[in-house]
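J.: From first to last, the protein sequence lines are chains G and X. Note that the UniProt record's numbering numbers the first sequence so that position 302 is 302, with each residue one more than the last. Note that the UniProt record's numbering numbers the second sequence so that position 84 is 84, with each residue one more than the last.
Note that these hints are calculated values from the structure, not bench results. There could be a bad hint or two in this list.
If chains are identical, the list can't say which one is meant, so a pair holds when it fits in one copy or spans any two.
Calculated cross-link-like contacts (lysine-lysine; reagent style BS3-like; alpha-carbon spacing at most 30 Å) [unchecked claim]:
hint: 1; residue 1: 269; residue 2: 367
hint: 2; residue 1: 181; residue 2: 88
hint: 3; residue 1: 184; residue 2: 269
hint: 4; residue 1: 214; residue 2: 184
hint: 5; residue 1: 214; residue 2: 154
hint: 6; residue 1: 88; residue 2: 2
hint: 7; residue 1: 235; residue 2: 161
Note that the coordinates shown come from a computational prediction; the quantities given were computed from them, not determined experimentally.
Protein chains: 2
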Amino acid sequence: MKAEIIAVGTELLLGQIVNTNAQYIAQECAHMGLSVHFQTVVGDNPERIRSAVEIARGRADVVIFTGGLGPTQDDLTKDVLAQMYGRKMLIHEPSMDAIRSLFSNRGAHMVESNIRQANWIEGSDPLKNETGLAVGNALTIEGIHYILLPGPPKEMKPMFKNEVLPWLHGVMKVPVPLHSKMLKFAGIGESNLEHAILDLIDGQTDPTLAPYAKEGEVTVRVTTRALSIQEAELKMMPVTEEIYRRLGAHLYAERDIPIEAVIIEDLAKSKRTLAVAESCTGGGIGDKLTMVPGSGDAYLGGIVCYSNDLKHKLLGVPMDILEGENAPGAVSSEAAISMAEGMLSTAESDYALSVTGVAGPGSSEGKPAGLVYIGLAVRGRETVVRELQLSGNRESVKLRAAKSAFYMLWRSLQEESMK
Amino acid sequence: MKAEIIAVGTELLLGQIVNTNAQYIAQECAHMGLSVHFQTVVGDNPERIRSAVEIARGRADVVIFTGGLGPTQDDLTKDVLAQMYGRKMLIHEPSMDAIRSLFSNRGAHMVESNIRQANWIEGSDPLKNETGLAVGNALTIEGIHYILLPGPPKEMKPMFKNEVLPWLHGVMKVPVPLHSKMLKFAGIGESNLEHAILDLIDGQTDPTLAPYAKEGEVTVRVTTRALSIQEAELKMMPVTEEIYRRLGAHLYAERDIPIEAVIIEDLAKSKRTLAVAESCTGGGIGDKLTMVPGSGDAYLGGIVCYSNDLKHKLLGVPMDILEGENAPGAVSSEAAISMAEGMLSTAESDYALSVTGVAGPGSSEGKPAGLVYIGLAVRGRETVVRELQLSGNRESVKLRAAKSAFYMLWRSLQEESMK
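Bound conformation, chain G alone:
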């Protein structure tokens, strides 16, 4: 069955609010195996709402409205639908009683327009509103299932969960829901990843594979139809294993979490600690690590050594690495190694990362924007360093440098755990 979500509200068209309702309803539909093919946003205008309904009923089996059930003259969803199909508008008495008693409890004066919130299209099923006043409606006309929900998320969400889900399960003829799993990758770009599994993507029927990229990470969503989570896992296993065989060095999680959360988990589990010396990332690595709840169990802190003076004073980087005619400079593998080792001994941690580079715009020390060195010092092992040439603006370079540092540490933790 195909679904369409229609959000009604001029405030959405003006960009005053973001359409989080569409996301919530889309997630719920995906989860129950209802394919959303379109989402539409339309303003509080009767002709345009009508035209949106005409288009939707031509291409969807289920049309889910959110918004336009309130008390004002602008709230038109029920009226438009009733008029289109020549249905009477009735008053839903239990909802009317609830509205009346709310106003009398508050000692407030009920204005005429509040009655509109108890409106009920003839022949529809009322959907109870536990957190607000406007009653929802669900009805099937000419084979199309219409669901009318209020706009405020705090009213819409409970109504969806408690009233719409059972109603939809009753009318749907597809008993096999969708299940999906997120595979998360680091240290590889979207196009290289796609290239490596193109035959799997192209040959897909069930499960299906969909790669996408955001914020320096690449995700592949594996989706299948199955009656239980166990069955879904079994169906997804062969393709997941094949992807792991090809890209295991980049696949850091099989759920939607950032790589820094995996690192914190790994470290905390084995009671190991991390400290970070940051130059060009300026604190971004620590910021990301400390977004993870409980990060204090593994992350001790670090030093943001933006100036050469602090690199020398707090991390003991020798001045003859940092400055002078023949010095390698602050952006060099020598500096990255010295920073990581200085951090390890200052913090007395098990691991220390260091990042130094040119965030841009423009070059520095005669080195190009995007040139970054990452050092990794590990207690009892030789310090390693990696040189990267990253692209993008200042924000991107900083983000990619941080994600590359996480990838380097994650690989090192992986390799150790395999020994």
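For this one, chain G is given, so just place chain X on it according to the hints.
T.: Same frame as chain G, but now just chain X:
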């Protein structure tokens, strides 16, 4: 003129991401006087993208796409439009060169599919992508203006501002252009700000005032129609002055920059320096400061002392403040003061900020999530400290703590400059 926004991407239909692009584009359209009547979301499916275009061209003069310009087989927006109108697909050579040089700089292998990002519909105007690879397109066919933008917000937004706005101004027949100015506020919430200038907002005709909030900052956009920037400035001056009279202690800029950029500018101008000791913000303050190009002129760096051990060792915070039955603890005004003073003397900076608090979720040291202390040490002055009770999740608390620290420092710089 009527506009429609079409966001292309199966991840939107599955509810994996929220359609913030539609909100951004809708705001920009509203601002330039372009009425958005519909927003549509469609998946990565050629027939359905085609049908969305057919509907849109029947009801809009301007159709703005976002998404589907990437390198993968799923990215279809340009292909569908070119096929519908029988146009050839060309390679935009400057974009191709940029893609090639990016891969060669990175030493990475360019796969065939990356070429798709340089695709360019015959007869269209290329829209430069300054923060990514996919070139945008703008073209007018049969009286309909089509604009094709990438999906990632960090590519879409600069392309809209720098490329689409002038292109649209060229095709729109608005005789008197809009001019606007952003007034940026810190240390005040949106509702308090609105309350303070409600009479000005309600009484507005030209200029108009529109307040909105994002990421811990509040903005008021002042907009007027004028033939020149000089005329616009003159028209905006009385209301801007009245706002300054009422809210000068919060109004930190008359252009759209974050408060940390103003701080870096102020400090660099007078050759003063800043260091930051961060506990609960975990590096977020340094991260934000170093997003400002040239921040190295004023920001020396800092210490992320997530553990008590590092607070003591690197900043000299006495252990009897941090631990023990009757100790004030790491989240206390005593700790914040000691951290700020330790940072000032360690970095030998002119200013030092410190932040310590409970980011949550859940309490720590028996103190509630959101309790934050900010210290400010200034060379030759008594250290000051502020206690805040912030609301929201871990991410919000960290962000608000950072913005509150910036506000505290900005006020201090303001007061000094008035002496």
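J.: Hints numbered earlier in the text: which of these fail when held up against the supplied structure?
T.: 2
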